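Chemist: Using the sequences and the accompanying hints, generate a full structural model.
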Amino acid sequence: MKTLQALIKDLTGIDVEQNQISKYLESETLDLRGADLNSANLTYANLRWAKLQDAILIGADLRCAKLEGADLQGTYLIGVNLQDADLRCADLRDADLRWADLRWADLKDIKITQQQLDQLIVIEEDE
2 MKTLQALIKD LTGIDVEQNQ ISKYLESETL DLRGADLNSA NLTYANLRWA KLQDAILIGA
62 DLRCAKLEGA DLQGTYLIGV NLQDADLRCA DLRDADLRWA DLRWADLKDI KITQQQLDQL
122 IVIEEDE
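Residue numbers for the sequence shown, in our numbering: 2 to 128.
Bear in mind the hints are in silico, worked out from the structure with no lab data behind them. Any given hint might turn out to be false.
Stated by the list, open to error - Lysine to aspartate or glutamate pairs mimicking EDC-like chemistry, simulated, CA-CA at most 20 Å apart:
| hint | residue 1 | residue 2 |
| --- | --- | --- |
| 1 | Lys112 | Asp92 |
| 2 | Lys52 | Asp92 |
| 3 | Lys52 | Asp110 |
| 4 | Lys52 | Glu69 |
| 5 | Lys52 | Asp37 |
| 6 | Lys109 | Asp97 |
Unchecked claim - DEER-style ranges, computed between Cβ atoms:
| hint | residue 1 | residue 2 | range |
| --- | --- | --- | --- |
| 7 | Glu29 | Leu121 | 30 to 36 Å |
| 8 | Gln120 | Glu29 | 30 to 36 Å |
| 9 | Thr30 | Thr114 | 23 to 29 Å |
If you're wondering where the values come from, they're calculated on a predicted model, not measured in any experiment. Note that beta-carbon positions come from the ideal geometry of N, C-alpha and C, so glycine has one too.
Modeler: Now the structure itself:
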């Protein structure tokens, strides 16, 4: 029988309900290292302290997601929507953040390289 970890390694295009992830996280840290989460709808998902190293989240929707302390090293976050996401203390070193939308995200105490910061595009909105 496959473990839950094996079943969720490829969630391409799947909508994951927050309460399902929250229940799972109550007992252990979610390990999604190397998972294919392309275009996944993870809005409001509780991914605190999740292991997401080298995961592929291209085009995923992570609006309002709770990613506090998450390990996102080497993760592909190309075109990801992270508006209003909680990324406090997350490790984003070597993550690919091209075209990622980080508006209103909480970035306090994140780990990120200077090279990554230099690549981010700042969009000023009209007031």
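Chemist: Each hint needs a verdict: does it hold in this structure or not?
Modeler: Evaluated hints:
1. Lys112 <-> Asp92: holds, 5 Å
2. Lys52 <-> Asp92: holds, 10 Å
3. Lys52 <-> Asp110: holds, 18 Å
4. Lys52 <-> Glu69: Judged against 20 Å, a Cα distance of about 11 Å means the pair holds.
5. Lys52 <-> Asp37: holds, 13 Å
6. Lys109 <-> Asp97: holds, 19 Å
7. Glu29 <-> Leu121: 30 to 36 Å: Holds, at about 33 Å.
8. Gln120 <-> Glu29: 30 to 36 Å: Holds, since glutamine 120 and glutamate 29 (Cβ atoms, about 34 Å apart) stay within the stated range.
9. Thr30 <-> Thr114: 23 to 29 Å: holds, 24 Å
Against the hints set out earlier in the document, no violation occurs for any number.
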